[in-house]
Every structure is written in structure tokens, then in C-alpha cells.
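Participant: Okay, here's what each chain looks like letter by letter:
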Amino acid sequence: MKHSGGYSADTRIRWTEWLPWAIALAGFFLLPEYLSLGARILIYILYALSLDLILGYAGIITLGHSAFFGLGAYVAGILAARIGITDPMLQLVAAAAAGALLGIFTGAIILRTRGLTLLMLTLAITSVLLEIANKATALTGGADGLSGVVITPILGYFKFDLYGKTAFLWCLLVLFAVWWLVRRLIYSPFGASLTGVRENIVRMHAIGAPVYLRMVLVYTFSGTIAGIAGALNTQTNQFVGLNVLGFESAGELLVMLILGGVGRIYGAFAGPLVYLIAQDWLAKQFPEYWYLGIGAILVIVVMFARGGILGIADRLARLIGKSA
Amino acid sequence: MIAALETRGLCKSFGALTVAADINFRLDTGARHALIGPNGAGKTTFVNMLTGRLASSSGRILLGGEDVTALAQSARVKRGLGRTFQINTLFRELSVLDNIALGVAERRGDAGRVWRPASAYAETRDESMALLATLGLADDATQRVRDLPYGKQRLVEIAIALGLRPKVLLLDEPAAGVPSLESERILEALDQLPPEIAILIIEHDMDLVFRFARRITVLVQGEVLVEGAPEEIAADRRVHQVYLGEGGHG
Amino acid sequence: MDTSLLAPLVSVVFHGSAFGMILYVISVGLSVTMGLMGFTNLAHGVFAMAGGYVLTTAISRFGVPFPVALALAFIAVAAASVVLERLLYSRLYTAGELEQVLFTIGLIFMAVAVARMIYGTLQQPVLLPQYLKGQFPLLGRDFPTYRVFLIGFSTLMIIALWFGVERTRWGAMVRAAVDNRAMAQSVGINTRRLFTLTFALGSGLAGLGGALGAEIIAIQPTYPFENLVYFLVVVAVGGLGSLRGPFVAALLIGIADTGCKYWLPQYGAFPIYVATIVILLWRPAGLFGRRA
Chain A
5 MKHSGGYSAD TRIRWTEWLP WAIALAGFFL LPEYLSLGAR ILIYILYALS LDLILGYAGI
65 ITLGHSAFFG LGAYVAGILA ARIGITDPML QLVAAAAAGA LLGIFTGAII LRTRGLTLLM
125 LTLAITSVLL EIANKATALT GGADGLSGVV ITPILGYFKF DLYGKTAFLW CLLVLFAVWW
185 LVRRLIYSPF GASLTGVREN IVRMHAIGAP VYLRMVLVYT FSGTIAGIAG ALNTQTNQFV
245 GLNVLGFESA GELLVMLILG GVGRIYGAFA GPLVYLIAQD WLAKQFPEYW YLGIGAILVI
305 VVMFARGGIL GIADRLARLI GKSA
Chain B
898 MIAALETRGL CKSFGALTVA ADINFRLDTG ARHALIGPNG AGKTTFVNML TGRLASSSGR
958 ILLGGEDVTA LAQSARVKRG LGRTFQINTL FRELSVLDNI ALGVAERRGD AGRVWRPASA
1018 YAETRDESMA LLATLGLADD ATQRVRDLPY GKQRLVEIAI ALGLRPKVLL LDEPAAGVPS
1078 LESERILEAL DQLPPEIAIL IIEHDMDLVF RFARRITVLV QGEVLVEGAP EEIAADRRVH
1138 QVYLGEGGHG
Chain C
17 MDTSLLAPLV SVVFHGSAFG MILYVISVGL SVTMGLMGFT NLAHGVFAMA GGYVLTTAIS
77 RFGVPFPVAL ALAFIAVAAA SVVLERLLYS RLYTAGELEQ VLFTIGLIFM AVAVARMIYG
137 TLQQPVLLPQ YLKGQFPLLG RDFPTYRVFL IGFSTLMIIA LWFGVERTRW GAMVRAAVDN
197 RAMAQSVGIN TRRLFTLTFA LGSGLAGLGG ALGAEIIAIQ PTYPFENLVY FLVVVAVGGL
257 GSLRGPFVAA LLIGIADTGC KYWLPQYGAF PIYVATIVIL LWRPAGLFGR RA
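Chains as they are written, first to last, in this note's numbering: chain A, 5 to 328; chain B, 898 to 1147; chain C, 17 to 308.
For reference, chain A alone in the conformation it holds in the complex:
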């Protein structure tokens, strides 16, 4: 599997790395009717990035990542609808802080375990949050969800309009900032050591690396990003419901990430893009076949195409390179 980073990596931004942003801006100007789908894609790219950090880079296998997304979503929603803090930047900061706190608190506790125990603990933590969201109806709206989410214009000027223009650009901006930070992290020595943890954890212990500490740190960072993604979700939909914490959407996120390719930043870009566009197009017509197809693709990717879309693109590129 190709991986970025390491001590001999070239860290300049390649021209291909500007493509996603070019595509996003093109979409903004050329496809104004699809901006809400566009914002959704951007949010899921952010969400997938956060999962890739721990899954693809540190090798922490979790089914409970929706805990962070959901927490961020509800924090933003509760601040807006119940407490009256409607400034979107404040909401983002609060959601990020909540994600960070949950990350460091749960990470410090559960990252001493591995395998099924770790998996189970991540599931249990998400279930706890889900139950709280379900029962604390005064705060969260329970099964009906939380509507009446009010958002005041960004910096007092950019209003969230009905066409979703502001929302799209807002998400794009946040994604860009986070992408830049994540990219720095991946190429740093810390990022290299994460890859080491994923590749051979025994060896990392044997070279004196503080493995546990590094895993807690990256888990916290990942939780922060996922919390931000959740808040963006609430802000763009002006609603938050129980599904942000559900297992089906956590499963879908995994599919998106695997589809794109785990362990490389742009897998988190490619996967949600392809998945959500295909879903928007196909799922409405044939909802059951869509679900069946997704399951089949997951099984096929695991069996035959472990690198996902980017892995296939790599192989194609190598083939073309050989014949050229």
C-alpha cells in the first residue's frame, strides 16, 4: 500500500493535490442546484479524514466514531436551539472542544485495550451517547430531533441563504483549513511514527516509542475534527437527529473510506464523493438494490481491491506507465 510521509518524502504540494479544490469551486459555480449535496460531500470528506487518521494511519479499529460526530452535531444544535448561542464560529469551537474532551477522556481509558475489547468499548461509548440523546428529550429533542437551529451570519455578514451557497463555502473553508493541518501532521515525524504503529506495533515499543501517548493524541485530534464535521452538519441542515449517532451511518462512513482507500489522505476525498453522488443518483430509484450493492462492493473491495479506488488508480497508473 502506498503511503505518504516518512523521512525521505517530498512534501511540496503536487499539482494533483489542488484538483479537489478546483473541482469544488467548479461545482460551486457550475452546479448551483446541487450545493446541498455538495456541502454534504464536504462534510463527509471531513468526517472521513478524521476516521482515516486513526484507522488508516494509527491502525485503531473503531466502530464508535459517530460518537464524536454526533456529539459535535448535538453541541452545535443545543447551543443554537436551546441556549441561544447562534454564532457559527463559536458553535464550531464548542463542538471541537467537546470532541477533543471526549477524545482525550475515552482515548486515555480505552486505548490500553486492543482487538474485540477495544471494538466493543467504542460501540458501548457510542451506545451510551445514543441512549442519552434518545432519553434527554428536553435537551436533545429525543427521537424527533432538534429543530429550530438558528444560525446568525458568519462574521456578521455572510448569511446562510436558502440556496446553500454560504453553507457550501463555509464547509469548504473549514475543510481546507483542516486538510492543511492534517497534511502537515501526516508528513511530520509524528505522522511517520503513526505509520510505524500501524505497521508493526511490537517494533515501535522496541524502539522506545511512547505508543500509548501518541495514540491518545491522534485519537483526540481525530475526535476534534469529527466533532467539527458534526457541527457543520447541524449548521447546514439546521437540524440534528438521532441518526448522527447511529450505527448505520457509521457503517456507511466506513464504506466511503474503504471505497476511497484507507491510509492516504485523498482516499477520504474520493470515497465520499463517489459514494454520495452515486447514492443521490441511484438510491432514490432503487433503495434496496443500492443497499445490496454497497454491501457487495464492500465485500468485493475487501476480497480483491484492498486499496479502494485510489489503489485501483495506482495500479492503472503503473500499467499506463509501463506501456508508455
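One or more of the hints may lead you astray.
Said to hold, decoys possible - Computed footprint of chain A on chain C; a stretch qualifies when at least three of its residues, placed anywhere within it, have a C-beta under 8 Å from a C-beta of chain A: (1) 70 to 79; (2) 120 to 129; (3) 283 to 291.
Hints are computed from structural coordinates only; laboratory data are not their basis.
A virtual CB, placed ideally from N, CA and C, is assigned to each residue, including glycine.
Given the structure of chain A, go ahead and fit chains B and C onto it with the hints provided.
Facilitator: Below, chains B and C alone, put in the same frame as chain A:
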């Protein structure tokens, strides 16, 4: 003189099964010491206790005079204890350079940095390259470890340990599984190891042991049978019995 | 203890035990295969769901008598699992945990979709035979007959299973392989056939448990997602590869869950999850697991 590495009364039992019984062992600075014994004698268990991978049942381990019995693996590594594994434990998908650099960066304290890219840490990279050069691996620096022949992978295993600048180095069967064509490389590498490092080597290959070691400890069923200079061990009848008697080992 | 507390307590213990037994019958297969093959099979709930669908379809569509339908649930699911194991699962035994998790999630998606396509989204109605309906007097109280049957039948199955693992050659091989797979192979145990057989048995039991417990755990397409947490908790808290551990865990969970839903309904399943977290942090390998 303080020993580089010492154990006092080191014991380990799994329930009724005793795998290490009252081992008193001493490794001086600059030592070239071999640990031999029939299969199942407890040699790798002993090494795992020394590094902290396995907790002992009783007894003490001293590294440079300091009691490290309760310390975790990474703490012992920081105090100068390095090891290689019997089965290659490498980052197979990463380049040879990265394999070494990860360890060098840990030692230098740069490994946790998040802002500058790793490739900007020239000293780490240069030091890693220099180390690779001393082992004849400089040309392979950008190769993926898993694309290397097994003998070279074994050398990478040694290189990683050296990158930590250990004061004590535990080599667990460094020549194991290496085809004889490539094993000369390994032997040369062992000969060229810095003289101030105290080295304990576990081996079954007697040629290597007698070529390399200045002292030999024989471990049988978790106990030290005898310890001494190579000529003494070669002449010791008990050692002969252990290897050629009921065990039937050559 | 005053009588106004006794009655609900007995009721909670009774219904909780019924629930716990069903959880155990379904999850024991998961515990053994995870301990035996080291394979994280999150799709285990699919087999339980399939058993439930086989039972309800056999009874309502084909008028098959209840006992026959139960047997059919076991056999059909076990047979299907053999096909799945040979074709798909066995290719991933050496793959990493992530691949196994992803693969089994993919299976869940497919199974859920197929179930929805064939049966729609509503719960399957459970048509019990006449002799299992109504109330059954036991120790001076009336209990639902079906639940009494459930507890009794499950107990028999569990005793048969434990006997089988303790006394038969198959059981000895399973225990040896769970303990040390490499050693078992070098002793000549054909691990491939052992895996397939054990997987079939575990999946068949899951199907049987799903069918038996259709009244307690509703048969609907989202079954494998909704109940995944419960099955995993039983195995994780009980201890991978263990037989007794998940039994204790399942009973505890069944009774605790029923009790919480009765006395603390405003908290839902919250206490169960918190308890799971606490137990797993205290004993990461489960209450009866190895390598604690």
C-alpha cells in the same frame, strides 16, 4: 566495576512450569557474550525479561547499575538497551531508511514533533544513512524492506537496534534463516560492531558462537549450567552431554 | 422482602432469564468461532435473523408444524453458513482485523437489503402453536407458557452443547485449537474441517436462537444492526472462546436489561452500556477470558 547489564536471582514461572530458575548473569562493558542451550532452554524468555516484554516472577535486573526491573520496555530502551528479534520485526511496507530513521528519531527526541515535515530533519536522515553505509545497505535506502532478500532484512534488523545507540545489545539469533551465501555479511557486521557496546548473542550456530564470543553461558531448562571462556565450554563434559547426550543435538 | 417487591422481582428474573438464554444460544457460536478462528464476525446476527425468517415463513407460508420449523431453522442456517464459510470467510482467516470487520459489515448490508426486499420492513408476526400459548402454572404462579418452554428448551440445548464440548473428540479438538492453534495443527488436527464444522454449528445455533427468540427479539430486516451490540457484549464480557463465560454474561445482561427497563425506564439501556465499559476496563479479556 559496574556491569553494563546484570541479573540477580531472576526467576519466571507459568503456574507449575518454571522457565527461568535463579539466573545470575553479568555482562560487562564491551563484552562479547554468547548464550547457548538446547531448544526450550528458555533463552528467548530470558531476553524477553531483560527487555521488559515479559515480566519476571522474582529477581532483579540492573542496567548500568540502575534497577530497571519495574520499568516498561520503552524506558529501558531510553536507558540504552537494544535488541533484535529472532524473527524479523520490521516495518515491511516502509523503506529501509524509514525503518532506521524511526528509531533514530525516537532517540534524538524528534519523533513526536508535529509541525515540520520529517524530511526536514536532516540530522536524523543523515545519521540513518551513515548507519546504513556502515552495514553496506546505503544503496538500498529507498527500497521497501519487504522487497529485500532475507539476509539484508536481517541486517536492517541489526541496523535499527544500532540506531538507538545502545549501551547493551541483545541479538536473538541474528543469522537464523539466512542462507549461507548471505551469512558472511552478517558475520562481518557483527565483527564491526562498536567495541564499547556490551553484546549478548543467542545462537545455535556454533561456528558463529566460537568466532564471536569471548565468554559463553550455557542455559539448560531455565538454569545456568556453566559459564566460561569458549575453550572451557568446548571442553566441558556436561555441555557435551546436553548437546550430544539425550538431546541428540549436534 | 415485602410481597409487593417479590412479584415484580420474580417476573424480572424470569423474563430476564428467558432473554438471557436466547442471547446465549445465539451468541455462543460467536464466542467459540472468535476464540477458535480469531475471526471478528460482526455478521453473526445475520444467522440469527435468518433462522427467525425461516421459522416464521415455514409456519405462516407453508403450515409447517412448530418443532419441524425449529429444526429447519437450525439446519437451513447451518447449511447456508457452510457455503458462506467455504466460499468467502475462509479466504479472510489470515487477513487483518480491519478486513474482517469490513467484510462482515458488507455482509450485514447485503443481508439487510435482501431481507427488506423479500419481507418488507415490518416485524414478522410469530404464530405459536396452540399448546405453547397461554399461561403455565409454576410454583404457585402463572407464567407465559412459551417463555417457560424457552427456558427449558434452551437449558437442554446448553447442557447438550457443554456435554458435547467436554466429552466428544470434536469438543476436545475445539478446546485444544482455541488454546493454541499452531500447536493443534502440529498435532495433526485438521483445522480447516474443524473450523467449518464449528462455524456451521455456531451459526446453526444462532439460527435456532433467533427462531426461538423471535418473540423477544423481533425479526425485522435491521435485526443484525440493532442487536449487534448485545451479542458482542455477551461475548466480550463473557470472554472469547469460553463457553461458561458468555452464559453468565448473557444471564446477567438479560436480567439487568429487563430490570432496568422495568424499574428505570427513563434510562433505557444506558446502565448496561456503562456496566459493560466498567467490566471491560476491569477485565479486558472478559469475566472468564484468558490472558486477563
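Participant: Hint numbers the structure violates, sorted upward?
Facilitator: Violated: hint 1 alone.
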